[in-house]
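With the hints as a guide, dock the two chains, each given alone in a separate frame, to form the complex.
Residue numbers (this note's numbering), protein chains in the order written: chain A, 687 to 988; chain B, 2 to 81.
Where hints are given, some of them may not hold.
Ranges of calculated distance between the beta carbons of each label pair, as one might list FRET restraints [claimed, not checked]: (1) A52(B) / L972(A): 33 to 43 Å; (2) N735(A) / L75(B): 41 to 51 Å; (3) M759(A) / L75(B): 35 to 45 Å; (4) I785(A) / N33(B): 35 to 45 Å.
Far from chain B, by Cβ distances over 10 Å, these chain A residues were calculated [to be verified]: (5) T843; (6) K850; (7) Q949.
Hints in this document: simulated from the structure, not taken from any laboratory.
Every residue, glycine too, gets a C-beta built ideally from N, C-alpha and C.
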Amino acid sequence: MFFPISGAHISPIYLVTVGFLIGILGGFFGVGGSFIAGPALRLAGLDWNFAVGTDLAHIVGKSVVAVRRHRAMGNVDLRLGLIMAMGTIAGAEVGAQAIQMLKRAGNVNLVVSIVSIVVYISISSFMMWESRKTLSQRGAIKGAKSKKDHSAFGPVTRAIQRLKIWPMISLPASGIRAISLWTILLVAFVGGLFSGFLGGGAGYIRMPSMVYVLGIPTHLAVGTDLFEIIISASYGTFSHAVKGNVDILIALVMHTGAAIGAQIGAISTQYFAGPKIRLAFVPLPLIGAVIVIYTMISGHKL
Amino acid sequence: MKKGTARTLRAFVIELAIYAVLVTTYFFLVLNLLGQWLYELEIHRRYTYAALAIVLIIGQAVLLESLTTFLIRLIRGRSE
Numbered sequence: 687m688f689f690p691i692s693g694a695h696i697s698p699i700y701l702v703t704v705g706f707l708i709g710i711l712g713g714f715f716g717v718g719g720s721f722i723a724g725p726a727l728r729l730a731g732l733d734w735n736f737a738v739g740t741d742l743a744h745i746v747g748k749s750v751v752a753v754r755r756h757r758a759m760g761n762v763d764l765r766l767g768l769i770m771a772m773g774t775i776a777g778a779e780v781g782a783q784a785i786q787m788l789k790r791a792g793n794v795n796l797v798v799s800i801v802s803i804v805v806y807i808s809i810s811s812f813m814m815w816e817s818r819k820t821l822s823q824r825g826a827i828k829g830a831k832s833k834k835d836h837s838a839f840g841p842v843t844r845a846i847q848r849l850k851i852w853p854m855i856s857l858p859a860s861g862i863r864a865i866s867l868w869t870i871l872l873v874a875f876v877g878g879l880f881s882g883f884l885g886g887g888a889g890y891i892r893m894p895s896m897v898y899v900l901g902i903p904t905h906l907a908v909g910t911d912l913f914e915i916i917i918s919a920s921y922g923t924f925s926h927a928v929k930g931n932v933d934i935l936i937a938l939v940m941h942t943g944a945a946i947g948a949q950i951g952a953i954s955t956q957y958f959a960g961p962k963i964r965l966a967f968v969p970l971p972l973i974g975a976v977i978v979i980y981t982m983i984s985g986h987k988l
Numbered sequence: 002m003k004k005g006t007a008r009t010l011r012a013f014v015i016e017l018a019i020y021a022v023l024v025t026t027y028f029f030l031v032l033n034l035l036g037q038w039l040y041e042l043e044i045h046r047r048y049t050y051a052a053l054a055i056v057l058i059i060g061q062a063v064l065l066e067s068l069t070t071f072l073i074r075l076i077r078g079r080s081e
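Here chain B stands alone, though its shape is the one from the complex (with noise of 0.2 Å):
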């Protein structure tokens, strides 16, 4: 295998172990804390939660792309 190659591999490894603790954490204190509330909006205010699921979306698909990225950074840094 080729220096580089094995050297991204590893990269990703390491971010997919970050990452997987980071996603843990999140579905515990987010997802929990929020679950309720969006059931009740869910029920009671079909509009405003429609346009919060989209929000919700597409802010988790940035946050998380930012933290993959930066996450791929720092290690590609340190190992460099």
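Okay, chain A solo, but in the shape it has when bound (with noise of 0.2 Å):
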């Protein structure tokens, strides 16, 4: 099928089958899926600029589906994910102007793929460590259902809502009486830094923050992230567009799958405890890390 917005020739079913994957991942844990959509849309032939443009623009439609289902089971926040779309765009444009630095200073290639390579890791690491933690102990998965969590890390995560910095807000879809402004913020512009640095939704650092330092329960966690993508995504979709990098026929034609994937991904957390979500994650930021390390190895761009 020829694309004449981004000149390309793509099949179609790679399209679709590439966004029912990409579509399933984000329905279940709560992510944009960049760091595999963004290859699989190069390894189609299509321009750098354009696959990033292109999947963000993708990633807004399967999140408003993957939204509706989640919200449907009570996983949205809605006051939560607009005050962190506002800390979000923020963070992005900080960490886009990041980039601009280090291309005049010539070394963005290096410096990004160093920051990815240990912020992937790290939170792999941390989440199997949580994860793993968690299970082991007694009744940690007893709030399957009734949506209420458990983490190893939850006295921390109590040391910082006890942070009494004005003005305090309560938050009583997630079940939190009273948290600072200012954590909700600064979760929100971290996980934008990451992604105006590294590209993509940055899902893989604002689902966690989310669960481990505001202690939004992980199913609240999946679904608010994925409203708040909403919000950030369609930004970034509209200023690529104005830059001439999304081809919105591509787009279009991978969410008809990613629209299928994110319902099976949203429906399938109900089956799923909080920590069991959260061990499943460990592997993503490791598929984001080794796409990185063979970039650097092989010289090649995926």
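Here it is, written out as structure tokens:
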């Protein structure tokens, strides 16, 4: 199938299949899946600039489908998502500026590659330690359906929630009586910073941060992160489309597969307890790290 | 396999088949009709194209989600 906007010839079956697989990951883990979608589009012959912009457009559509499903299951905290979107957009702008600075200094590829490998491996290692420790404790997976969560990192999370920095807000949908607005904005800002710096939606940082720093139950963190991704990815899509980096026809075709995958992923979360979802999340950042290491060693961009 | 699981799986396979037919029709009708127009828009009116891109992807998401929900209800309703 010929896509005139990007001038690429790509099989629609390939696009639908990629969309379907990434849709499952997104619906289940609350991530955009850029670390797979970007290289997959590149592999199909799309230029990098189109791969990044088009992937963001497809993420918007997939997240809308997954959020509607998650919302029906009570897994979305709209208030938290809207607050986080502000922090994410601000962070993404700062991250993008940092990339521009590194470009001017001439060492952008090396710095971004090393930072991303360290971040991906750190997240995976920490989540593996935490989820395994939590699962080994008695009664840890009792709350699979009640959405109450349990984490071995709980004492640290509660200490963070006790920080009284005005203004304090409550998040009844997430079961949090009082938390500083600044803590939420900081978590979102850091997620946005990595999004702007490393590309993609940075759900692999934001979803774990919501669980471990803010104390949001895993199911709600997945649904709320997806809601937040709709806003930040829409902003990114618009920005990239203005720069001529979005082939919306490719995104629409990919999304037909993602729409089904995202629903399967979202519905599947209700059959797993929070710590099990977190343990299953562990390989995702590692896949990202392997892709980056491969590109560093081989000198090829996937 | 439990009876409930088998029923859900069957409903899902039927839904996928119907969905595949609808999506294929969608490819040939909508994308072919819109393709050239969007291409022109992308070259000459970037801001309009950017806004329309978001409207299109969100619109398709709502449409497909509603369609699959409707199909699941229809198929489950008939199989029960």
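So, going through the hints one by one against the coordinates:
{"no.": "1", "hint": "A52(B) / L972(A): 33 to 43 Å", "result": "38 Å, holds"}
{"no.": "2", "hint": "N735(A) / L75(B): 41 to 51 Å", "result": "42 Å, holds"}
{"no.": "3", "hint": "M759(A) / L75(B): 35 to 45 Å", "result": "21 Å, violated"}
{"no.": "4", "hint": "I785(A) / N33(B): 35 to 45 Å", "result": "38 Å, holds"}
{"no.": "5", "hint": "T843", "result": "33 Å, holds"}
{"no.": "6", "hint": "K850", "result": "39 Å, holds"}
{"no.": "7", "hint": "Q949", "result": "6 Å, violated"}
The structure fails to meet hints 3 and 7 from the earlier list, while all remaining hints are met.
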